[in-house]
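Undergrad: Whole structure, please, built from the sequences with the hints as guidance.
From first to last, the protein sequence lines stand for chains A and B. What the first sequence shows, in the UniProt record's numbering, is residues 1 to 339, in sequence order. What the second sequence shows, in the UniProt record's numbering, is residues 1 to 339, in sequence order.
It is worth saying that the hints were derived from the structure and are not from the lab. Heads up, a few of these hints could be off.
A pair holds if it fits inside one copy or across any two, identical chains being indistinguishable in the list.
What the hints assert, rightly or not - Result set (EDC-like, lysine to aspartate or glutamate): computed pairs, CA atoms no more than 20 Å apart in a straight line:
| id | residue 1 | residue 2 |
| --- | --- | --- |
| 1 | K166 | D256 |
| 2 | K169 | D221 |
| 3 | K247 | D262 |
| 4 | K180 | D221 |
| 5 | K124 | D135 |
| 6 | K212 | D256 |
Chain by chain, the residues:
2 protein chains.
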Amino acid sequence: MHRVRLGIVGCGIAARELHFPALVQLTDKFEITAVTSRRRERAEDFASMVKDALGYEPAVFDSYEELLESGSVDAVDLTLPIELNVPFIFKAVEKGVHVICEKPISTDIENGKKVVELSTNTDKVIYIAENYRHDFRFNKIRAFIDENTIGRPIFVAWHLWIGMDKSNKYVQTEWRQRPKHIGGFLSDGGVHHIAALRVIFGDIAWVSGVTKRVSDYLGDDDTLSTVFEFNSGVVGNYTVSYAVSGKQYFEIVGTDGRIYLDEERITVRGQREETINIPNQNTFKNEFEDFYRVVKHGEPNILGHPVDALKDLSFFEAAIKSKDTRIEIEDLLRSTTPD
Amino acid sequence: MHRVRLGIVGCGIAARELHFPALVQLTDKFEITAVTSRRRERAEDFASMVKDALGYEPAVFDSYEELLESGSVDAVDLTLPIELNVPFIFKAVEKGVHVICEKPISTDIENGKKVVELSTNTDKVIYIAENYRHDFRFNKIRAFIDENTIGRPIFVAWHLWIGMDKSNKYVQTEWRQRPKHIGGFLSDGGVHHIAALRVIFGDIAWVSGVTKRVSDYLGDDDTLSTVFEFNSGVVGNYTVSYAVSGKQYFEIVGTDGRIYLDEERITVRGQREETINIPNQNTFKNEFEDFYRVVKHGEPNILGHPVDALKDLSFFEAAIKSKDTRIEIEDLLRSTTPD
Numbered sequence: 001m002h003r004v005r006l007g008i009v010g011c012g013i014a015a016r017e018l019h020f021p022a023l024v025q026l027t028d029k030f031e032i033t034a035v036t037s038r039r040r041e042r043a044e045d046f047a048s049m050v051k052d053a054l055g056y057e058p059a060v061f062d063s064y065e066e067l068l069e070s071g072s073v074d075a076v077d078l079t080l081p082i083e084l085n086v087p088f089i090f091k092a093v094e095k096g097v098h099v100i101c102e103k104p105i106s107t108d109i110e111n112g113k114k115v116v117e118l119s120t121n122t123d124k125v126i127y128i129a130e131n132y133r134h135d136f137r138f139n140k141i142r143a144f145i146d147e148n149t150i151g152r153p154i155f156v157a158w159h160l161w162i163g164m165d166k167s168n169k170y171v172q173t174e175w176r177q178r179p180k181h182i183g184g185f186l187s188d189g190g191v192h193h194i195a196a197l198r199v200i201f202g203d204i205a206w207v208s209g210v211t212k213r214v215s216d217y218l219g220d221d222d223t224l225s226t227v228f229e230f231n232s233g234v235v236g237n238y239t240v241s242y243a244v245s246g247k248q249y250f251e252i253v254g255t256d257g258r259i260y261l262d263e264e265r266i267t268v269r270g271q272r273e274e275t276i277n278i279p280n281q282n283t284f285k286n287e288f289e290d291f292y293r294v295v296k297h298g299e300p301n302i303l304g305h306p307v308d309a310l311k312d313l314s315f316f317e318a319a320i321k322s323k324d325t326r327i328e329i330e331d332l333l334r335s336t337t338p339d
Numbered sequence: 001m002h003r004v005r006l007g008i009v010g011c012g013i014a015a016r017e018l019h020f021p022a023l024v025q026l027t028d029k030f031e032i033t034a035v036t037s038r039r040r041e042r043a044e045d046f047a048s049m050v051k052d053a054l055g056y057e058p059a060v061f062d063s064y065e066e067l068l069e070s071g072s073v074d075a076v077d078l079t080l081p082i083e084l085n086v087p088f089i090f091k092a093v094e095k096g097v098h099v100i101c102e103k104p105i106s107t108d109i110e111n112g113k114k115v116v117e118l119s120t121n122t123d124k125v126i127y128i129a130e131n132y133r134h135d136f137r138f139n140k141i142r143a144f145i146d147e148n149t150i151g152r153p154i155f156v157a158w159h160l161w162i163g164m165d166k167s168n169k170y171v172q173t174e175w176r177q178r179p180k181h182i183g184g185f186l187s188d189g190g191v192h193h194i195a196a197l198r199v200i201f202g203d204i205a206w207v208s209g210v211t212k213r214v215s216d217y218l219g220d221d222d223t224l225s226t227v228f229e230f231n232s233g234v235v236g237n238y239t240v241s242y243a244v245s246g247k248q249y250f251e252i253v254g255t256d257g258r259i260y261l262d263e264e265r266i267t268v269r270g271q272r273e274e275t276i277n278i279p280n281q282n283t284f285k286n287e288f289e290d291f292y293r294v295v296k297h298g299e300p301n302i303l304g305h306p307v308d309a310l311k312d313l314s315f316f317e318a319a320i321k322s323k324d325t326r327i328e329i330e331d332l333l334r335s336t337t338p339d
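TA: As structure tokens, this is what we get:
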């Protein structure tokens with residue numbers, strides 16, 4: 001038996017709409033043997049969905065603990081309110097079960113570090129699912145830069161206007177309306193963007209930022225703007241609003257050219273000019289295939305490592321905390337006295 | 001005699017190429033009666049240029065002091081290496097002569113404050129020439145926003161790639177190659193951009209930034225990226241490089257639309273859609289006309305006030321000093337201990 005016996009824990013949007021369609025394409029690698037959810041009827045619905053698509057029905061458990069005790073799973077797929085990630089990861093590892101867990105790793109750095117620490121003390125796989133690390137776009141852009149297509153990169157701007165209205169399904173999620181994780185939508189959605197930027201440019205050294213609340217229905221601050229620097233010296237401006245919608249702007253500036261990304265294509269204007277249409281891709285499928293390689297073939301956990309997930313999250317905690325370090329211009333004008 | 005008798009002090013690029021063509025159009029308001037420069041032959045060349053264009057020849061003085069003592073000027077036009085602005089402004093005011101002085105006001109906040117203080121203690125006009133405050137583009141954009149065309153403005157991005165090569169005439173200026181003013185090209189050129197943004201959005205509360213040296217011939221750091229906030233709550237990203245050239249990006253995002261600016265036009269996409277071609281304009285002529293109104297008609301010095309010039313400059317000093325207040329992400333990851 002080469003398949004991973006997988007228990008689905010939490011049956012919300014991510015499980016139903018993101019993970020399940022990927023798992024349907026990976027029947028040679030994963031068998032969904034168990035499912036549980038806070039409300040039993042949602043778990044039963046999910047089990048029916050599995051039966052309809054795959055012809056077999058997973059066992060439905062009343063609690064996460066029963067699922068773990070049952071011996072029916074090699075791994076669990078956690079798609080939960082963020083504040084549950086850490087305790088649920090710990091329980092799985094205690095029971096000798098591998099984990100794939102939706103990003104972000106945790107509510108904040110302090111809690112995320114517990115997972116990183118745990119990952120160094122166990123032979124069980126703790127894989128934080130970040131589909132942007134498996135995304136063609138950012139890996140292709142990194143390749144363009146590695147090929148010196150735009151000379152030495154010096155700057156990246158990414159301004160995103162995601163604009164979620166009141167009826168948006170994510171906005172409707174109860175735990176997102178009263179977020180216990182730092183930054184609300186800013187970190188929940190934002191770790192994707194930082195993961196993408198880190199695919200291209202590596203680790204970030206520092207960030208300074210400002211958050212705003214523009215809407216009155218997104219549970220927390222919904223708009224962020226930052227300046228930051230990668231360890232490599234590349235500088236960035238990342239601005240995002242979940243309150244205001246519109247076309248994103250993504251530009252990388254190098255000493256000898258630029259790379260642009262939009263919804264449909266990557267455009268390179270440098271030592272060569274090239275436009276690449278973005279192919280259809282299921283980044284969640286890529287992610288589960290990678291998780292399978294790590295669990296079954298013992299390959300190193302590079303793209304799902306908790307350390308990287310923590311680094312993505314720490315960008316937001318640093319940006320939010322940076323407001324206490326600002327130089328107010330009026331203060332500077334006052335403190336610099338001519339005599 | 002209604003004309004202002006004007007002494008030109010310093011005969012570099014700004015005097016010859018920016019101010020003189022404007023003054024040629026304002027012969028009813030200004031008479032260039034005197035000229036001086038560090039090298040006498042440059043002053044004589046300037047005097048000949050005046051004669052060719054206007055039919056009369058100004059007196060050439062060997063020193064600024066002689067020019068001021070001569071009684072031949074009501075005002076001086078200072079176009080000097082930045083570090084000379086403050087002492088030359090003081091000398092003019094001591095001799096009872098009005099001043100129009102090229103931006104930036106001074107080398108740094110500390111020295112600039114001396115000029116602001118002086119301006120409150122004299123009936124002579126001290127006018128810091130900032131032609132961007134007289135520019136159609138930024139005043140028109142402000143009008144669009146005041147008319148609620150894009151709803152409530154929340155963000156502005158301005159990324160500029162000015163890219164000056166070694167042969168550029170400004171780069172060739174000796175004092176710019178060994179700058180004594182804070183920020184080198186960043187503040188010298190940059191006060192224009194901050195003046196423009198302040199025309200649109202008013203005063204800036206704080207800024208956080210990073211500077212870089214990308215070229216090896218621009219005398220100082222040549223690339224800057226920032227995040228900042230206006231007192232109104234609008235947030236901005238301003239990034240500029242004098243080392244890398246290319247198309248600028250200027251976007252204002254509001255709750256109900258956007259405004260874009262490029263080399264040729266202003267584009268509004270909001271509650272109404274409108275494109276305005278940028279008219280030909282001589283912003284230096286506008287500036288001298290305003291200076292004339294202040295000197296001759298006693299109108300308030302709003303667009304040339306030293307306080308505003310100091311605020312423009314302080315943006316750069318604050319951005320440069322902000323690097324000492326950063327949160328390094330590695331430090332944050334270390335300092336946040338789980339137990």
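Undergrad: Each hint should be assessed against the structure and marked as holding or not.
TA: For each hint, the structure was consulted:
1. K166 to D256: Answer is between; shortest inter-copy Cα gap is 16 Å, intra-copy 44 Å.
2. K169 to D221: within (18 Å within a copy, 47 Å between copies)
3. K247 to D262: both (8 Å within a copy, 17 Å between copies)
4. K180 to D221: So K180 and D221 pass the 20 Å test inside one copy only (13 Å; across, 42 Å).
5. K124 to D135: neither (26 Å within a copy, 64 Å between copies)
6. K212 to D256: between (35 Å within a copy, 17 Å between copies)
Of the hints listed earlier, the one the structure fails to meet is number 5.
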